[in-house]
Amino acid sequence: MTTLAAAFEQAAAQDRAALVGYLPAGFPSVPGAIEAALAMADAGADVIELGLPYSDPLIDGPVIQNAVHRALTGGVRVADVLATVQAIAASGVPVLVMTYWNPVDRYGVGAFARDLAAAGGSGMITPDLTPEEAGDWLAAAATYRLAPVFLAAPSSSRERLELITSVCGGFVYAASLMGVTGARDAVGSQAADLVGRVREVTSLPVAVGLGVSNGRQAAQVASFADGVIVGSAFVNRLLAAPDLASGVAGVRELAAELARGVRQARPAPAAIVADQRR
Amino acid sequence: MTAAQATRSVLPDESGHFGEFGGRMAPEALMSALAELTEAYLSAKADPGFQAELGRLLRDYAGRPSLLTEVPRFAAVAGGCRVFLKREDMMHTGSHKINNVLGQALLTKRMGKTRIIAETGAGQHGVATATAAALMGLDCVVYMGEEDTRRQALNVARMRMLGAEVVPVSTGSMTLKDAINETFRDWVASVETTHYCIGSVMGPHPFPMMVRDFQRIIGVEAREQVLAAVGRLPDAVVACVGGGSNAIGIFHAFIGDHEVALAGCEAGGDGLATGRHAATVAGGSPGWIHGMRTFLLQDDEGQTLSTHSISAGLDYPGVGPEHAWLHQTGRASYRAITDTEAMNAFSVLCRTEGIIPAIESAHALAGALQLGPELGPDGVLLVSLSGRGDKDVDIAARWFGHLGEDEQGR
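Protein chains in written order, with my numbering: chain A, 1 to 278; chain B, 1001 to 1410.
No lab work stands behind these hints, which were simulated from the structure alone. This structure is a prediction, so every number in the text was calculated from the model and none was measured. Virtual Cβ for every residue (Gly too), placed ideally from N, Cα, C. Hints may be right or wrong, so weigh each one.
[As the list claims (entries may be wrong)] What the simulated footprint calls covered on chain A by chain B, stretch by stretch (three residues with Cβ under 8 Å from a Cβ of chain B suffice, anywhere in the stretch; the number is not a length):
| # | stretch |
| --- | --- |
| 1 | 51–59 |
| 2 | 72–86 |
| 3 | 102–108 |
| 4 | 120–130 |
| 5 | 146–160 |
[Unchecked claim] So, partial list: chain A residues that the calculated Cβ filter (under 7 Å) puts toward chain B:
| # | residue |
| --- | --- |
| 6 | Thr2 |
| 7 | Val63 |
| 8 | Glu133 |
| 9 | Gly179 |
| 10 | Val195 |
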């Protein structure tokens, strides 16, 4: 099994950015989400970010809100999310859970970390948890060897970037713009600037998320970041599809396009070599 | 920490905590703005110029101090004690919401921002925000749950008249909590030019503290007015609690007066046992929502539950963290008032005193009808009449069957 750190190291060794793909658990169904995530990994995603559906997704745009709402209406439970982690991790690809904080608080942060680690999870991305309120999670993450991934934003001061990166593990999630999740026409200029500022304060890999939806944008982001995170565009493929099979095919196709994108940015001999990760 | 100790110290602490409640849980994109807001607010609070300007607006524009009205005919139904209403319903725009909004709008200008956004449930906070925006020349967008835009259509029209854009929110349960989510989403993308004028003592630090400070004038005035009227403090102070800003506003000046009971009245909807209610303290558990640690209505996996109340303004699954703390320390008590109990009290006040209350405030009146008999004829009750009922005439007319079929607008 590839660890999270190894996934970024391998991408770097191939002189390319890592591709991180997001899907919410339980959408369009629990097995459907597993199938889509496995297709995503098979087609070139290096890391899977699995969303834990939550009733109040404060920083998600309409696409992910819609998918998450359907997952919850379909009755998805935390146990299903952990089972999904297990199924994906068993295929050898590192999986992180992306979750708003209240479901973890309710489950009990120690218990959640224990069960996530037992399922083979690599860490947790927490978009509304501040380092200031994260003491219990950081302790549990250390105990269970999970990566605590926090977000950096274009508005973050140097002081805050120092604080965030001091508690981050695995990689730093740099939000490319000020806004919610969802595809954008162009990647903003703030992204490269933020990556540069994060690199001044940490040696952790920096992955950029929010707004990336196609291979061209992935290539653009890959030219300055260690990882490219894509979410809404994948979810859109599933939402737009008439059935699961064509949705999964759409996810596979997009993952392959993005995987080519993250390899185009820095043409070098290593990047031409076929991905030998699996 | 006990309530007695707490009244000798200043809450919240520097990180916005009231005991274990409050704090600041927010997307990183907003953390700088929250720090900037905290700094700007604390500097404004200490600035006599800002305070003088706010005081002038509250006096000459909003109508402060608000009246204290003794209501003996209502009191006769409440067991014969003396009952005083703090008349926030007489304020400009029809509720206490203007107290907070004028403060935050002034602060918006002080921070050099040109746009103000807000969530609203019943529409009272939205109307107040639209009003302050018109007064101060700020762009204004108000997010309102689609269900609420229907049941409070009159307030939607008022906001538009005042020049605000009203955005119906059709996600989730289409009520106040979803309007708050959508306002936060706007704010994440617009924070450089925009201030989020939160309407209650909720949200991430510094909002619960700042909104409380802007609302505490209710209790400061009422305490003096009751002392002047009866020569002593009231036995109990009663207020409705949704997010809880009018309640914190009237409670705060009395927290150190331990002989004064503080009673919050939450929306009991169809009754606690039915699960169809919005009684957060009485029926909820600790967790995180909208940036704060507090009591909330959630299922066993931390998903927010949908709420029910006849009152759009109380239809919220969380509560201000200072209320959670007042409850935990035992300094204040919280009870659930059903829709039926609230509407009964609404009717009693209309018919005994000629005052039509907001349905939100009718929950406090129902609490007074319950507490009065416990106090007996020597008791003194202070009730926060947080808003007027003009906006609720349609709902109340249907509830009581005051309109025949051919008289109903729709």
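* Taking the numbered hints from earlier one at a time, note which ones the structure violates and give those numbers from smallest to largest. => Checked against the structure, the hints that fail are numbers 6, 7, 10, while the rest are satisfied.
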